[in-house]
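Chemist: Spelled out, the chains give:
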Amino acid sequence: MDRMSVFVKIEEYDDVLSLIKVIRKRLDEAKETLLKIHDLKNEEDHQLEMWQNTLGEVEKKIDFIDHSLNEPEQF
Amino acid sequence: MGWLFGAKKVPKVPLPQGYKLDEGALRFPAMNTPQQRVIQPEQVKQAVGFEKPFSFPEDKEEQSNDLPMPSFSEYSEQPKQMSVSNQNKTSVSFEEKSAPLYVKVEVYQQILGQLDGLKSDLNHLSDSNRQLESSEYNEQNNFDRLRRAVKSMHDRLLQIDKELFNSQGD
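Going line by line, the protein sequences match chains P and C. Here the first sequence is numbered in our numbering, starting from 1 and rising by one per residue. Here the second sequence is numbered in our numbering, starting from 1 and rising by one per residue.
Keep in mind that the hints were calculated from the coordinates and are not lab data. Bear in mind the structure is a predicted one, so any value in this text is a computation, not a measurement. Even glycine gets a Cβ: it sits at the ideal position worked out from N, Cα and C. Any given hint could turn out to be false.
Selected chain C positions facing chain P (in silico; Cβ < 8 Å) [said to hold, decoys possible]:
(1) L101
(2) Y137
(3) R145
Have a look at the derived ranges for each label pair, beta carbon to beta carbon [as the list claims (entries may be wrong)]:
(4) S134(C) to Q52(P): 54 to 64 Å
(5) K60(P) to S126(C): 44 to 54 Å
(6) E71(P) to K162(C): 17 to 27 Å
(7) D45(P) to S167(C): 34 to 44 Å
(8) D45(P) to F165(C): 35 to 45 Å
(9) L34(P) to K119(C): 18 to 28 Å
With the hints as constraints, model all of the structure from the sequences given.
Modeler: Structure representation (structure tokens):
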């Protein structure tokens, strides 16, 4: 004999539906904000890379000045 | 004065005699209408089908998609499909909205499980947010340190430049 199905009565499910609608909207907003943060992070990474390159160039120039002052006969 | 004001001519045709006024003089003659021919408003409503609910083609489509008591026999683990069907339900009429919804106990348990998962996911997200805030604070501190180091380097370079130019001028 098949088991009879038991149902649960949900009284105000339209309120639940409206809440789900609001949550879905917030989820879309969060996705949009996450995309903006990703863009900002990419921009930040780009700036950090530029920092690294510039610091390398500064280090080279400092080395050159240091060597030229310490060992002027080699230049 | 003889032909103009002569004696009054008496008509040869006799004038009609008027009826004597009584209570029934101004009434329509009574007709014996059979009782079966009197159509009461209730009979009209019944004949037209006024008591039956209206069914339009759009309603039929919605009713086919959104029954007030779905069985959810084809319910799957994908919450998106369920939410799509729920969004369709929001467009039904007010009477259908206010009616309670019956779901199977198994589906109800799955919904509760999904809600628990949602809660844990939200807790995980809030932990990540806290860590991001602390790392952002540390990042800001590192940026400040970097800025101070660069300023110190710049000042010392200016000092070296000044001394070198002064020695060149001397």
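Chemist: Of all the hints given earlier, name the ones this structure violates by number, lowest first.
Modeler: 2, 3, 4
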